[in-house]
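Residue numbers (the numbering used here), protein chains in the order written: chain A, 1 to 109; chain B, 1 to 232.
Worth flagging that the hints you see were computed from the coordinates, not collected in a lab. Predicted model only: the values in this text are computed from it and were never measured. Heads up, a few of these hints could be off.
To be verified - Below, in silico cross-link-like pairs of lysine to aspartate or glutamate (DMTMM-like), each with a Cα-Cα straight-line distance of 25 angstroms or less:
1. B:Lys-2 <-> A:Glu-98
2. A:Lys-12 <-> B:Glu-158
3. B:Lys-2 <-> B:Glu-158
4. B:Lys-126 <-> A:Glu-85
5. B:Lys-126 <-> A:Glu-98
6. A:Lys-40 <-> B:Asp-100
7. B:Lys-2 <-> B:Glu-215
8. A:Lys-84 <-> B:Asp-36
9. B:Lys-126 <-> A:Asp-34
10. B:Lys-106 <-> A:Glu-41
11. B:Lys-106 <-> A:Asp-30
12. A:Lys-40 <-> B:Glu-125
13. A:Lys-2 <-> A:Glu-80
14. A:Lys-12 <-> A:Glu-80
15. A:Lys-2 <-> A:Glu-98
16. B:Lys-2 <-> B:Asp-36
17. A:Lys-40 <-> B:Glu-73
18. B:Lys-126 <-> A:Glu-5
19. B:Lys-2 <-> A:Asp-34
20. A:Lys-84 <-> A:Asp-34
21. B:Lys-106 <-> A:Asp-34
22. A:Lys-40 <-> B:Asp-133
23. A:Lys-84 <-> B:Glu-20
24. A:Lys-40 <-> A:Glu-22
25. A:Lys-12 <-> A:Glu-85
26. A:Lys-109 <-> A:Glu-41
27. B:Lys-106 <-> A:Glu-80
28. B:Lys-126 <-> A:Glu-22
29. A:Lys-84 <-> A:Asp-30
30. A:Lys-84 <-> B:Glu-110
31. B:Lys-106 <-> A:Glu-98
32. B:Lys-106 <-> B:Glu-118
Unchecked claim - Sample of chain B residues lacking proximity to chain A, with all beta carbon distances greater than 10 angstroms (derived):
33. Ala-28
34. Ile-130
35. Ile-187
36. Arg-208
37. Glu-211
38. Glu-213
Every residue gets a Cβ at the ideal spot worked out from N, C-alpha and C, and that includes glycine.
Each chain is listed here by its residues.
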Amino acid sequence: MKTSELALPTLKCVQPASGNIEITGGYTSDLLSDVMAHLKEGDALITIQAHKNTVAVASLMGASAVILCHGRMASSDMLEVAGKENIAIFISSGSQYETTVSLAKTLGK
Amino acid sequence: MKARIDFHIHSCLSPCAALEMSPRIIVARSMAAGIDCIALTDHSCTENLPAFHQACVEAGMNCLYGLEVSTAEEVHVLSLFDDLHRALNFGQMIYSHLPDRPTNPKLFGEQPVVNVDEEVLHFAEKLLNIGTDISFFDLVPMILEAGALCIPSHIDREVCGAISHLGFLPDLPYDAVEVVGGIDPEIACRWPIIRFSDAHYPEHIARRFTEIETEAFTVPALREAFHHLLLK
Chain A
1 MKTSELALPT LKCVQPASGN IEITGGYTSD LLSDVMAHLK EGDALITIQA HKNTVAVASL
61 MGASAVILCH GRMASSDMLE VAGKENIAIF ISSGSQYETT VSLAKTLGK
Chain B
1 MKARIDFHIH SCLSPCAALE MSPRIIVARS MAAGIDCIAL TDHSCTENLP AFHQACVEAG
61 MNCLYGLEVS TAEEVHVLSL FDDLHRALNF GQMIYSHLPD RPTNPKLFGE QPVVNVDEEV
121 LHFAEKLLNI GTDISFFDLV PMILEAGALC IPSHIDREVC GAISHLGFLP DLPYDAVEVV
181 GGIDPEIACR WPIIRFSDAH YPEHIARRFT EIETEAFTVP ALREAFHHLL LK
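Input sequences plus hints: build the corresponding full structure.
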């Protein structure tokens, strides 16, 4: 599934990415060192860490998108870096668990 | 003597800090703001401390030598030494506990090690502002045993603060705790509350500081001075 096609009732896209970026899986974590150790290329990162270092780590690891849970708003500098790095940012009204489950269902996993 | 202290300042070595944050700029701005003693506390690396030491000596500024360590839980903790060589040894040990992965300066920011004349000597290779593999509960005694002051940073901040990442502030023998918001009386009864600038840009310097009454700027004297800040 492409990031542009990701449409769940609980998700809102606040920073789109250009091009056909494929979401191949997901990784759920709020520790960026853990994300750096385990996220696989193409995973969407599901987290509550709504700041610009999250985008830097996501970009470094080849994440397809960042999904912020519990309706946490992305800071303006986070959105700016996401624009530069072409990483899509979504806001989910659900918890990390709910968001992970609905993404997994959508991806057929 | 009464003294204004700011023991939480980042130099250009920290990837999240401005490149203008050279040791001389930090010292000059702090002096102009009326700060009596400062500490350099880059993220998990002490390689700019020699230049900072030189800048403080030439300007007659009192200083401590520190670093801000990120624990395995990504909680930030200040370690403050009154001896440069002890700080450098401790810093080397902490750096070895960072993930063994080179940083990407385009994504995270440059990490230049500089001399006092603001010449770049080299760049720190590993990403500095990420968690080490040392837990918060292990780090606190390590800092104290190394002879440094131990102060959890911005404990009330959501990002990298002890309360948000650990759920509560563990009952450990910190010398003080740094806060950025309001004061929780339960915490203020237990540990001295201090405020530092956490400066990443020149204009941040002295935006917060703490006034203390101290005999000297040594670890034992400061420990004693902090004790007087406890809420009775």
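Against the structure, the hints:
no.	hint	in the structure
1	B:Lys-2 <-> A:Glu-98	violated (54 angstroms)
2	A:Lys-12 <-> B:Glu-158	holds (23 angstroms)
3	B:Lys-2 <-> B:Glu-158	violated (32 angstroms)
4	B:Lys-126 <-> A:Glu-85	holds (21 angstroms)
5	B:Lys-126 <-> A:Glu-98	violated (35 angstroms)
6	A:Lys-40 <-> B:Asp-100	holds (18 angstroms)
7	B:Lys-2 <-> B:Glu-215	holds (9 angstroms)
8	A:Lys-84 <-> B:Asp-36	violated (41 angstroms)
9	B:Lys-126 <-> A:Asp-34	holds (16 angstroms)
10	B:Lys-106 <-> A:Glu-41	holds (19 angstroms)
11	B:Lys-106 <-> A:Asp-30	holds (23 angstroms)
12	A:Lys-40 <-> B:Glu-125	holds (23 angstroms)
13	A:Lys-2 <-> A:Glu-80	holds (21 angstroms)
14	A:Lys-12 <-> A:Glu-80	holds (17 angstroms)
15	A:Lys-2 <-> A:Glu-98	holds (20 angstroms)
16	B:Lys-2 <-> B:Asp-36	holds (9 angstroms)
17	A:Lys-40 <-> B:Glu-73	holds (21 angstroms)
18	B:Lys-126 <-> A:Glu-5	violated (36 angstroms)
19	B:Lys-2 <-> A:Asp-34	violated (44 angstroms)
20	A:Lys-84 <-> A:Asp-34	holds (24 angstroms)
21	B:Lys-106 <-> A:Asp-34	holds (21 angstroms)
22	A:Lys-40 <-> B:Asp-133	holds (21 angstroms)
23	A:Lys-84 <-> B:Glu-20	holds (23 angstroms)
24	A:Lys-40 <-> A:Glu-22	holds (13 angstroms)
25	A:Lys-12 <-> A:Glu-85	holds (19 angstroms)
26	A:Lys-109 <-> A:Glu-41	holds (16 angstroms)
27	B:Lys-106 <-> A:Glu-80	holds (14 angstroms)
28	B:Lys-126 <-> A:Glu-22	violated (29 angstroms)
29	A:Lys-84 <-> A:Asp-30	holds (23 angstroms)
30	A:Lys-84 <-> B:Glu-110	holds (17 angstroms)
31	B:Lys-106 <-> A:Glu-98	violated (34 angstroms)
32	B:Lys-106 <-> B:Glu-118	holds (21 angstroms)
33	Ala-28	holds (27 angstroms)
34	Ile-130	violated (5 angstroms)
35	Ile-187	holds (23 angstroms)
36	Arg-208	holds (20 angstroms)
37	Glu-211	holds (31 angstroms)
38	Glu-213	holds (37 angstroms)
This entry does not satisfy hints 1, 3, 5, 8, 18, 19, 28, 31, 34, going by the numbered hints stated previously.
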